[in-house]
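Student: So the chains spell out like this:
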Amino acid sequence: MNKNNKVIVFGLTIALVIGLLAPFLASGNPDGLESAAEKIMNEHILSKNLEEIGLEEEGTIIPSPMPDYSISGMEKLGEVIAMIIGIFVMTAFAFLVGSIFKNSSSKN
Amino acid sequence: MHIPDGFLPLWLSAVFWVISIIFVSFSLKWASKEMNEKTVPMFSALAAGIFAIQAMNMPIPWGTSGHMIGAALTAIVFNSPWAGVLMLALVLIVQGLFFADGGLIVMGANIFNMGVIGGFLGYYVFKALKKVNFHLSVFLSGWAATFFAAVFCTIQLAISGTFPIDLGLQFMGIYHAVIGIIEGIITLVVISYVSSVRPDLLKVSKKVITHE
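Each protein sequence line maps, in turn, to chains A and B.
Just so we're aligned: 9 in full-length UniProt numbering is position 9 of the first sequence, and the numbers increase by one with no gaps anywhere.
Just so we're aligned: 64 in full-length UniProt numbering is position 64 of the second sequence, and the numbers increase by one with no gaps anywhere.
Pulled out of the complex, with its shape left as it was, chain A reads as follows:
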């Protein structure tokens, strides 16, 4: 394996270690934005915006396969699997985009 591909393997390894730990170690508290929203959200404006896009509550307009990094009915194992899938999808996506532009630059 060349020196550069080792970088990917190293990055993936670190990411997978974090990904395996995250479902157990990550804080379940709301993040900064959610926490602020709980305290100061103008509910009237929120419901107006939700009505405009046809959603019942805030989230995403198209349902995600693994909402909140979980797989329904699978508890912690589902969260670990969701993280592993996400890490591989993320790496492949970044590699793909990078490779497309690598080729385009070498041709020019």
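A portion of the hints provided could be inaccurate.
Simulated restraints, written as ranges between beta carbons of each label pair [claimed, not checked]: (1) A/Leu-20 - B/Lys-131: 33 to 43 Å; (2) B/Asp-166 - A/Ile-84: 37 to 47 Å; (3) B/Trp-11 - A/Ala-92: 47 to 57 Å; (4) A/Ile-84 - B/Pro-199: 22 to 32 Å; (5) B/Val-18 - A/Pro-63: 34 to 44 Å.
Once the Cα atoms are required to be at most 25 Å apart in a straight line, the calculated SDA-like pairs of lysine to any residue come out as [as the list claims (entries may be wrong)]: (6) A/Lys-6 - B/Lys-127; (7) B/Lys-127 - B/Tyr-193; (8) B/Lys-203 - A/Leu-12; (9) A/Lys-48 - B/Trp-17; (10) B/Lys-33 - A/Asn-103; (11) A/Lys-39 - A/Glu-52.
One side only, chain B facing chain A, incomplete, derived with CB under 7 Å [what the hints assert, rightly or not]: (12) Met-1; (13) Pro-4; (14) Val-15; (15) Leu-90.
Since the hints were made in silico from the structure, they are not lab data.
Glycine included, C-beta positions come from ideal geometry on N, C-alpha and C.
Given the coordinates of chain A, assemble chain B onto it according to the supplied hints.
Tutor: Just chain B now, with coordinates in the frame of chain A:
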């Protein structure tokens, strides 16, 4: 700091989609110049790490938590704010499509806050201060990227009327001033590690680190 669909009205979401598409297309122009055998693996490895660490919410006071963004880190590694823009665009696409983390309608706003503001603020704070103190500049780069991304997020919410501007800046500012410390520390740890193990992967390394 991922805005969900519903927090911004359609018109404002559309405005930020347009702005972000312009920035992302410039970041792709950067990619077509800079992507090669060495940078593609580094970019992919960093994407994996940033995706994973973003899911690791760390507790801060006030019953709240925060996580890494990574735009400043990416901008420093590749010595370009455009790298941070591209990285966060890709991360937010994966998070939005697969994990319902950040809305799809408001994705342009999220790319703008975390990628554009995070990448540019992070990069220029680093660049302005690196000669004063390399480690401090890296830390402050991560901190400023997080803090000012939150400020811009609050401005969007205030324009929307979802948050009042004064309380919005107060809560979002205080939370993200603390979350920014986490960002600064992780950014510093990763940059220090890469610069000691594989300095050739850091585009800024020759100019800055060897002078220390």
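Student: Each hint: holds or not?
Tutor: Taking the hints in turn, this is what the structure says about them:
1. For A/Leu-20 paired with B/Lys-131, a C-beta distance near 40 Å keeps the hint of 33 to 43 Å intact.
2. Checked against the hint of 37 to 47 Å, the C-beta distance between B/Asp-166 and A/Ile-84 comes to roughly 43 Å, which is consistent with it.
3. Between B/Trp-11 and A/Ala-92, the C-beta spacing of about 35 Å breaks the proposed range 47 to 57 Å.
4. Between A/Ile-84 and B/Pro-199 the beta carbons are some 31 Å apart, a value that agrees with the proposed interval 22 to 32 Å.
5. Between B/Val-18 and A/Pro-63, the C-beta spacing of about 26 Å breaks the proposed range 34 to 44 Å.
6. Only pairs whose Cα atoms come within 25 Å are accepted, and A/Lys-6 paired with B/Lys-127 is rejected, the gap being roughly 29 Å.
7. Pair hint B/Lys-127 plus B/Tyr-193 holds up; C-alpha atoms about 19 Å apart against a cutoff of 25 Å.
8. Distance check on the hinted pair: B/Lys-203 and A/Leu-12 sit about 21 Å apart at the alpha-carbon level, within 25 Å; holds.
9. In summary, the hint linking A/Lys-48 to B/Trp-17 is supported, as the alpha carbons are separated by about 21 Å, within the 25 Å threshold.
10. For the proposed pair B/Lys-33 and A/Asn-103, the alpha carbon gap of about 10 Å is at most 25 Å, so the pair holds.
11. A threshold of 25 Å between alpha carbons decides the hint, and for A/Lys-39 with A/Glu-52 the separation of about 23 Å falls inside it, so the pair holds.
12. Because the closest C-beta pair between B/Met-1 and chain A is about 5 Å apart, less than 7 Å, the hint holds.
13. The interface hint given for B/Pro-4 holds, since its Cβ lies 4 Å from the closest Cβ of chain A, which is under the 7 Å cut-off.
14. Interface restraint check for B/Val-15: the shortest CB-CB distance to chain A comes to about 14 Å, outside 7 Å, so the restraint is violated.
15. For B/Leu-90, the suggested interface contact is upheld, since its CB lies about 6 Å from the closest CB of chain A, less than 7 Å.
When the structure is compared with the earlier hints, violations turn up for hints 3, 5, 6, 14 and for no others.
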